[in-house]
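Enquirer: When you get a sec, could you build the whole thing from the sequences and use the hints?
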Amino acid sequence: MSEAFLSDFSEYQQALSDGKTNCVIQVKTALKLIEQNHELNAFLETFENSALQKAEEIDARRHSGTIGKLGGMIIGIKDNICYRNHKISASSRILEGFTSLYSATAVEKLIEEDAIIIGRLNCDEFAMGSSNENSAFGNVSNPHDGKRVSGGSSGGSAAAVAAGLCHAALGSDTGGSIRQPASFTGTFGLKPTYGRISRWGLIAYGSSLDQIGPISNTVRESSLLFDVMSGQDEHDTTSVPDDLVYKTEKELSDKPKIALLKEAMEVPGLRADVKTYFTKLIEDLRKSGAEVETVSFPYLDFVVPTYYIISNAEASSNLSRYDGIHYGYRSENGTDIESTITLSRSEGFGKEVKRRIMMGTFVLSAGYSDAYYVKAQKVRRLIKESTERILKKFDFILTPTTPHSAFKKGEILDPITMYLEDIYTVHANLAGIPAVSVPLAEDHAGLPFGVQLMAGPFQEKSLLKYSDFLMNRF
Amino acid sequence: MKIDDKMIEEISSLAKLKFEGAEREAIKEDMQKILNFMDKLNELDTDDVRPLEYVHEIYQKLRVDEVHQTISKEEALRNAPQKDSDYIKVPKVLKKK
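Residue numbers (the working numbering), protein chains in the order written: chain A, 31 to 504; chain B, 2 to 98.
Heads up, a few of these hints could be off.
Have a look at the derived ranges for each label pair, beta carbon to beta carbon [said to hold, decoys possible]:
{"no.": "1", "chain 1": "A", "residue 1": "Thr267", "chain 2": "B", "residue 2": "Glu75", "range": "27 to 33 Å"}
{"no.": "2", "chain 1": "A", "residue 1": "Arg301", "chain 2": "B", "residue 2": "Tyr55", "range": "34 to 40 Å"}
{"no.": "3", "chain 1": "B", "residue 1": "Val94", "chain 2": "A", "residue 2": "Ala90", "range": "53 to 59 Å"}
{"no.": "4", "chain 1": "B", "residue 1": "Val94", "chain 2": "A", "residue 2": "Glu279", "range": "53 to 59 Å"}
{"no.": "5", "chain 1": "B", "residue 1": "Glu44", "chain 2": "A", "residue 2": "Asp175", "range": "35 to 41 Å"}
{"no.": "6", "chain 1": "B", "residue 1": "His57", "chain 2": "A", "residue 2": "Gly440", "range": "39 to 45 Å"}
{"no.": "7", "chain 1": "B", "residue 1": "Glu75", "chain 2": "A", "residue 2": "Glu279", "range": "41 to 47 Å"}
{"no.": "8", "chain 1": "A", "residue 1": "Gly440", "chain 2": "B", "residue 2": "Lys41", "range": "25 to 31 Å"}
{"no.": "9", "chain 1": "A", "residue 1": "Arg301", "chain 2": "B", "residue 2": "Lys41", "range": "21 to 27 Å"}
{"no.": "10", "chain 1": "B", "residue 1": "Val94", "chain 2": "A", "residue 2": "Lys99", "range": "50 to 56 Å"}
{"no.": "11", "chain 1": "A", "residue 1": "Gly440", "chain 2": "B", "residue 2": "Arg25", "range": "21 to 27 Å"}
{"no.": "12", "chain 1": "A", "residue 1": "Arg91", "chain 2": "B", "residue 2": "Asp85", "range": "43 to 49 Å"}
{"no.": "13", "chain 1": "A", "residue 1": "Thr129", "chain 2": "B", "residue 2": "His57", "range": "30 to 36 Å"}
{"no.": "14", "chain 1": "B", "residue 1": "Thr71", "chain 2": "A", "residue 2": "Met295", "range": "47 to 53 Å"}
Taking lysine-lysine pairs in the PhoX-like style, the calculated list, with each CA pair at most 20 Å apart, reads [what the hints assert, rightly or not]:
{"no.": "15", "chain 1": "A", "residue 1": "Lys381", "chain 2": "B", "residue 2": "Lys34"}
{"no.": "16", "chain 1": "B", "residue 1": "Lys41", "chain 2": "A", "residue 2": "Lys414"}
{"no.": "17", "chain 1": "B", "residue 1": "Lys19", "chain 2": "A", "residue 2": "Lys381"}
{"no.": "18", "chain 1": "A", "residue 1": "Lys423", "chain 2": "A", "residue 2": "Lys280"}
{"no.": "19", "chain 1": "B", "residue 1": "Lys62", "chain 2": "A", "residue 2": "Lys277"}
{"no.": "20", "chain 1": "A", "residue 1": "Lys277", "chain 2": "A", "residue 2": "Lys423"}
{"no.": "21", "chain 1": "B", "residue 1": "Lys29", "chain 2": "A", "residue 2": "Lys381"}
{"no.": "22", "chain 1": "A", "residue 1": "Lys422", "chain 2": "A", "residue 2": "Lys277"}
{"no.": "23", "chain 1": "B", "residue 1": "Lys34", "chain 2": "B", "residue 2": "Lys7"}
{"no.": "24", "chain 1": "A", "residue 1": "Lys381", "chain 2": "B", "residue 2": "Lys17"}
{"no.": "25", "chain 1": "A", "residue 1": "Lys414", "chain 2": "A", "residue 2": "Lys292"}
{"no.": "26", "chain 1": "A", "residue 1": "Lys310", "chain 2": "A", "residue 2": "Lys285"}
{"no.": "27", "chain 1": "A", "residue 1": "Lys423", "chain 2": "A", "residue 2": "Lys292"}
{"no.": "28", "chain 1": "A", "residue 1": "Lys495", "chain 2": "A", "residue 2": "Lys99"}
{"no.": "29", "chain 1": "A", "residue 1": "Lys423", "chain 2": "A", "residue 2": "Lys287"}
{"no.": "30", "chain 1": "A", "residue 1": "Lys317", "chain 2": "A", "residue 2": "Lys305"}
It is worth saying that the hints were derived from the structure and are not from the lab.
For clarity, every value in this text was computed on a predicted model and none was experimentally measured.
Where a beta carbon is used, it is the ideal one built from N, C-alpha and C, also for glycine.
Expert: Next comes the structure, spelled out in C-alpha cells:
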C-alpha cells in the first residue's frame, strides 16, 4: 500500500484502481503533508473527520458500487465557500466562530460526485486583495519562494495546489482572484463565464462579478471540476440555463483565431522578460497553425477604475449584513445597538475591507452615484461591447495574466499600485466572459508566471481544450 | 472632488464604521487617491450609453415571490454572538428615564 501522498491526480486514480492505495490512506497522508507545510499558511483548518468519513465511504463502495465522476479527488476550498456544519470566516475576524448552515451548490455537487473536501484555504479578507496579505490570519507564502506572496485573493488555494497538498482547490474570482495567484504559483486556474457556476453559498463580494472556479496543476482536474459544478441552480437567479449554453458553444477550430491587445503590450509595469516569453509563445502558436493578430482595445486604461467602482459599490451593500448582532463577532464596547453595530464592524473588518466599504458607500451615496457608480456601469457596457466585437472575429484574446512574477511580501503598500496588479484580469469579470491562466515560464529566479486566455461567453469547453494544448506544447 | 473631514464623517456614518486619529487621516488620504484614480472615467464620453446593470442581458429571470422556510429558529440562533433559548440578545434599546 502506497503511504506517500499521490498529488498527481492521474497517478492517484491509477493507484486506486490497481489497489495500491485507498482514499483513507491518501487523506491521512495529505493531512500529514498539510501539517508539515503549515509555514505556507495555506490551510486555515483541515476537516479531518468529515474527510476521513467520506474517504471510508468511497473505499467501501469501490468494489460493490459505483464511484462518482471525481473518484475521491482530494480538494481544498477557499474560506469563502460554505460547507454545511463546517467553519467559514472569509479570513475575517468579523465571522469569528461562524459555522455554515448549508453548503454551497458547487460544494454539494462535488461531494455528490465523490470529491473529498479536506479543508478550508486562506484568502484575502472577503476576497479583497491581490497578494493574500489582507487575511486576518496571516499571509500565505509562495511555495516557490517563502519571502514572496502567493497572489490573491485565492492565495491559499493556489499555494496548496502548487505545493501538492491536494489534487485541486476551489477559488473565487471577482477581478482576477483565481488567475493572478495561479500565475504567481505556476498553476492552472479557470474563471468561468458569469452565471455558469451557481454563486449560492459563496460569500458575496461583488455580485455582478463573482464566480467560483477551480485551480489545479493540470487542465484535466479543472475540467472535471468545472463539468461537475456548472449548471443552472434555482438558488441563484443569475445562473444560466444549460440549453442556452449548449446553443452558444462552438467547437475548437484546428486553426484558432487569437487576438492580441495592442494596449496590453504597452502597460508600463509589464516586465521585459514576461514580454519576451509572451512574444516567443506567439511565434510558437503561429507555427502551430493559429492565426494571431493584434487589435486595439482602447479601454484597457479604464478597466481597473471601472472595476473598483463597481466592485466596491457592490461590496459596501453586500457587507452591510455584518452587524455584530445576528452572527459573528460582536464588540463588547457598544452601549446601545447603534454603537454595537459600528464598533463590531470597525473592530471586526480589516483595513482594506473598510477602505472598499467606504469607497463603495461614497460612489453610491446621494449626489455622487450618477457621477461614479452609474458612470462606471456605462463604461462597463463600452468595455463589454468592445470585447464582444473582438470575440466575434476571434476565438480567444491572449494577454499576460500578470505583468510580472510574484512580488515580495510587504513590497506593495500603495493601494492604487496594488489595484493595478489586476490590469489584465478584471477585463473578463467586467465583460462576464470566461478566462484562464496557463503557466507560461519561469523567470531567472525560478518564479513562474502565466498567460491569460479569454473567450466568448460559455466557451469554456474550447478554452479548456486549447489551454491543455498550450500547457503540453513543449 | 475633495475628500474632507465632513465627508469622512458622513460616509462613515452611512457605512457604520468609525475612524479616529491616525486611522481617520489615513482613510481620508487613501480615499482621495482612489477617487482621483476613479476620475479617469471622466475622459470617456458616455452620454448616449445605457448603464449595464445585468451581465447577461439575453437571459434574465425573476424569482417567484414565494415564502419558503430556509432555516429553523435553532439554526438561526446557532451563530448568534449573544442569545437565550428563543432570541438573539441585543444591547438595551430603551433607556431609563
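Enquirer: Are the hints correct? Go through all of them and say.
Expert: Going down the list of hints, with the structure as the test:
no., hint, verdict
1, A:Thr267 with B:Glu75: 27 to 33 Å, "holds, 28 Å"
2, A:Arg301 with B:Tyr55: 34 to 40 Å, "holds, 37 Å"
3, B:Val94 with A:Ala90: 53 to 59 Å, "holds, 55 Å"
4, B:Val94 with A:Glu279: 53 to 59 Å, "holds, 56 Å"
5, B:Glu44 with A:Asp175: 35 to 41 Å, "holds, 39 Å"
6, B:His57 with A:Gly440: 39 to 45 Å, "holds, 40 Å"
7, B:Glu75 with A:Glu279: 41 to 47 Å, "holds, 45 Å"
8, A:Gly440 with B:Lys41: 25 to 31 Å, "holds, 27 Å"
9, A:Arg301 with B:Lys41: 21 to 27 Å, "holds, 23 Å"
10, B:Val94 with A:Lys99: 50 to 56 Å, "holds, 53 Å"
11, A:Gly440 with B:Arg25: 21 to 27 Å, "holds, 24 Å"
12, A:Arg91 with B:Asp85: 43 to 49 Å, "holds, 44 Å"
13, A:Thr129 with B:His57: 30 to 36 Å, "holds, 34 Å"
14, B:Thr71 with A:Met295: 47 to 53 Å, "holds, 50 Å"
15, A:Lys381 with B:Lys34, "holds, 16 Å"
16, B:Lys41 with A:Lys414, "holds, 18 Å"
17, B:Lys19 with A:Lys381, "holds, 12 Å"
18, A:Lys423 with A:Lys280, "holds, 13 Å"
19, B:Lys62 with A:Lys277, "holds, 18 Å"
20, A:Lys277 with A:Lys423, "holds, 18 Å"
21, B:Lys29 with A:Lys381, "holds, 13 Å"
22, A:Lys422 with A:Lys277, "holds, 16 Å"
23, B:Lys34 with B:Lys7, "holds, 17 Å"
24, A:Lys381 with B:Lys17, "holds, 14 Å"
25, A:Lys414 with A:Lys292, "holds, 17 Å"
26, A:Lys310 with A:Lys285, "holds, 18 Å"
27, A:Lys423 with A:Lys292, "holds, 16 Å"
28, A:Lys495 with A:Lys99, "holds, 19 Å"
29, A:Lys423 with A:Lys287, "holds, 8 Å"
30, A:Lys317 with A:Lys305, "holds, 19 Å"
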